[in-house]
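Fit chain U to the known structure of chain W by using the hints.
Protein chains: 2
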Amino acid sequence: MSRGILLVVSAPSAGGKGTILGELFNRDGNLRMSVSATTRRPREGEEHGKHYYFISREEFRGLIDSGSMLEYAEYVGNLYGTPRGPVEQWLSEGHDVVLEIEVQGGAQIKKLAPDCVSVFITPPSMEVLEKRLRGRGTENEETIRKRLETARRELPQAENYDYVVINDRLEDAVDDMQAILRSEKLRYMRDPDFIKGLLAGPKA
Amino acid sequence: MSRGILLVVSAPSAGGKGTILGELFNRDGNLRMSVSATTRRPREGEEHGKHYYFISREEFRGLIDSGSMLEYAEYVGNLYGTPRGPVEQWLSEGHDVVLEIEVQGGAQIKKLAPDCVSVFITPPSMEVLEKRLRGRGTENEETIRKRLETARRELPQAENYDYVVINDRLEDAVDDMQAILRSEKLRYMRDPDFIKGLLAGPKA
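Heads up: the protein sequence lines correspond to chains W and U, in order.
Counting with the numbering used here, you get residues 1 to 204 for the letters of the first sequence.
Counting with the numbering used here, you get residues 1 to 204 for the letters of the second sequence.
So that you can see chain W by itself, here it is in the shape it has in the complex (with noise of 0.2 angstroms):
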């Protein structure tokens, strides 16, 4: 069986990622989301395991000090990061693994893992991004045009990914995130020893 994808997924403020996602993972069985660890109290509702790990900050310190930790950051005085562990579990199974990662920490995904595919998402144009914040009626004027601002300064990020996809319609950037992940199991990079193994023939 071969290794599974590590797929980094960022997008912009309103960029439409959880939709995709939800989406993605209702029609791709194979698929894993990473989980991460965080040194905040779990909000109301939230499980240990499924929206976050919750452990304290020594455990958190001791997971970074024993390189368990893919990458991690501090917002608002709490740590948060993607444990090693679970995700390098579901990859040597083969499972495609969804990373969701903040689009300021772009340029440090080619260290995370180097054979890790990156997508960026992006809405087809400022014009349809603003009528979706407007359409979603829940935010003020001064959100919608900071949320609009932040989205402009993130979005030159894409360049830092292998891919960029387009939420214009769900179906296709669907389709879209699909078709990557199925070419980038053909890439000859990810099974150098396939050739080798095909001529040598069948195992006894």
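Hints are supplied without guarantee of correctness; some may be wrong.
Said to hold, decoys possible - Lysine-lysine pairs mimicking DSS-like chemistry, simulated, CA-CA at most 30 angstroms apart:
1) U:K17 <-> U:K146
2) U:K185 <-> W:K185
3) W:K131 <-> U:K185
4) U:K196 <-> W:K110
5) W:K185 <-> W:K111
6) U:K185 <-> U:K131
7) W:K110 <-> U:K50
8) W:K50 <-> W:K110
9) W:K17 <-> W:K50
10) W:K185 <-> W:K50
11) W:K111 <-> W:K50
12) W:K131 <-> U:K196
13) W:K196 <-> U:K50
14) W:K131 <-> W:K146
15) U:K110 <-> U:K196
16) U:K196 <-> W:K111
17) W:K196 <-> U:K196
18) U:K17 <-> W:K196
19) U:K131 <-> U:K146
20) W:K17 <-> U:K196
21) W:K185 <-> U:K131
22) U:K185 <-> W:K111
Keep in mind that the hints were calculated from the coordinates and are not lab data.
What you are looking at is a predicted structure, and each value in this text was computed from that prediction instead of being measured.
Only chain U this time, still in chain W's reference frame:
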């Protein structure tokens, strides 16, 4: 409209390339097949511009000298090559173009066109390849032995290609080819100005 993709395809002897490409062309109307030029005489039923461009040695040399051949080789006293003109025209019109080349030419692929995408088609195993060769019932033992030898020599050339597609089930192999074309169009590097355009907004 974005530029098409130049898809370079090779397969070892009896790899099943023809069948896969035939089905790919049935499915994808945007695809174009690159037509080679040759100095050999047309055979019964071969049409100029469809099977080959039949040109004189002088014309062929002229195309080489003016840099108008993407690649070329001499084979049993005749010149064969890919005229750059039609390929460039199609790519600029947004068509994807398939260029079949001999496995031996694989090492030069990236020199042809740095942004081309290359696919090596393999049989699932040497046993299946042998079964297929025998199944045809048209070749004698000596020919089959030679073809298997050629395949053994050609298979390691897969390392010069971006992707390896296994010709096991035809449908799967064609799905693979389509996934490769789809995902390659999403590569950030294919359209590094996309985000800039998005931020600039619609043109007046």
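Results of checking the hints against the structure:
no. : hint              : verdict
1   : U:K17 <-> U:K146  : holds, 19 angstroms
2   : U:K185 <-> W:K185 : holds, 17 angstroms
3   : W:K131 <-> U:K185 : holds, 27 angstroms
4   : U:K196 <-> W:K110 : holds, 23 angstroms
5   : W:K185 <-> W:K111 : holds, 20 angstroms
6   : U:K185 <-> U:K131 : violated, 37 angstroms
7   : W:K110 <-> U:K50  : violated, 45 angstroms
8   : W:K50 <-> W:K110  : holds, 26 angstroms
9   : W:K17 <-> W:K50   : holds, 18 angstroms
10  : W:K185 <-> W:K50  : holds, 27 angstroms
11  : W:K111 <-> W:K50  : holds, 26 angstroms
12  : W:K131 <-> U:K196 : holds, 20 angstroms
13  : W:K196 <-> U:K50  : violated, 37 angstroms
14  : W:K131 <-> W:K146 : holds, 14 angstroms
15  : U:K110 <-> U:K196 : holds, 28 angstroms
16  : U:K196 <-> W:K111 : holds, 26 angstroms
17  : W:K196 <-> U:K196 : violated, 44 angstroms
18  : U:K17 <-> W:K196  : holds, 21 angstroms
19  : U:K131 <-> U:K146 : holds, 14 angstroms
20  : W:K17 <-> U:K196  : holds, 21 angstroms
21  : W:K185 <-> U:K131 : holds, 27 angstroms
22  : U:K185 <-> W:K111 : holds, 25 angstroms
Hint check: violations occur at hints 6, 7, 13 and 17; the rest are consistent with the structure.
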